[in-house]
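**Student:** Residue-level listing of the chains:
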Amino acid sequence: MFSRFFKRKKPAKEQNKSGLSHGILVFDNTSEVIKAEKLIKEQGFCIKVKGPPPEIRTGCDLVIEFPLIEQLNIKRLLETNKVHVEQIIPVKDHLLKPVDLYSSRDYGDYLMVRAANMKITVEKASRTVVNISGGGCPDVPFLARELIGIKLGEGPQPRELGHTLCGYALELAYEEIKRLC
Amino acid sequence: MSEILDARGLSCPQPVLMTLEKIKQLGKGELTVRVDTQASRENVSRAVQKQGWTVEEIKEENDEFSLVVKKE
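Line by line, the protein sequences give chains A and B. Going by the numbering used here, the first sequence opens with residue 1350, and the numbers climb by one from there. Going by the numbering used here, the second sequence opens with residue 3, and the numbers climb by one from there.
A hint or two may mislead.
DSS-like, lysine-lysine: derived pairs with alpha carbons at most 25 Å apart [stated by the list, open to error]:
hint, chain 1, residue 1, chain 2, residue 2
1, B, K24, A, K1399
2, A, K1473, B, K52
3, A, K1527, B, K52
4, B, K24, A, K1473
5, A, K1500, B, K61
6, A, K1424, A, K1384
7, A, K1500, B, K73
Output of the computed footprint for chain B on chain A, the stretches with three or more beta carbons under 8 Å from beta carbons of chain B [said to hold, decoys possible]:
hint, stretch
8, 1428-1438
9, 1491-1500
If you're looking for bench data, these hints aren't it; they were derived computationally from the structure. We put the CB at the ideal spot given by N, CA and C, even for glycine.
Okay, chain A solo, but in the shape it has when bound (with noise of 0.2 Å):
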């Protein structure tokens, strides 16, 4: 009966002996980045790229968040492929959170989604693309030529054409507009 009031507390999902759960891999450039991701994720961990915590400041804009558990087999992955990580930072404050990638915006009729520096916006009913945005990257015309009017899922996806920060950036809000649309 008096069971239920002395219930231990569970511990919170993946946290390890010192309360942490995840880490952040810094890199110096955006190619490292996605180098490793796709090494990573090839192996099954599940990560995600986001945006550096505002008290790094070092390395390039984005960060992988990844569980701390697993640091010893990604850092072993990664150096066996030759990937060179800057740091390798646990996660412990608030301060040190890695900002979420990810924004996105009801225009009624229309999504946006915008990821790191690239805005993609779709029309709900028909899941077009109707406008991309954003970068600074030379190819970004190229990718709003080659995208706008192009159905979600149907036609070529951002990484098959951009090779620069702004086609990886679109390339991830690409993927998440899809999710939501």
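Since the structure of chain A is already known, use the hints to place chain B on it.
**Tutor:** Structure of chain B alone, referenced to chain A:
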């Protein structure tokens, strides 16, 4: 007489969405879209062309653009 759509002061993608709504409503004819950034100028031009409209003229004055778009 061309209809005028004032999308100045709005950030992307709002000028594009307003323009798409307007041309959908008009069906055909002539529309002048006023924007105040280079990015909006390019995005609106691209969006209307994808809808089968043509950009007849772009006037630039004091960092603002007036795009005359048309469909016969």
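**Student:** Hints first: check each against the structure and report whether it holds.
**Tutor:** Tested hints:
1. B:K24 <-> A:K1399: 37 Å, violated
2. A:K1473 <-> B:K52: 17 Å, holds
3. A:K1527 <-> B:K52: Measuring from Cα to Cα gives roughly 21 Å; hence the hint holds.
4. B:K24 <-> A:K1473: 17 Å, holds
5. A:K1500 <-> B:K61: 32 Å, violated
6. A:K1424 <-> A:K1384: 14 Å, holds
7. A:K1500 <-> B:K73: This hinted pair holds, its Cα atoms lying about 24 Å apart.
8. 1428-1438: violated (count 0)
9. 1491-1500: Held - the stretch 1491-1500 of chain A has 4 residues with a Cβ nearer than 8 Å to chain B, which meets the minimum of three.
The earlier numbered hints that this structure contradicts are 1, 5 and 8.
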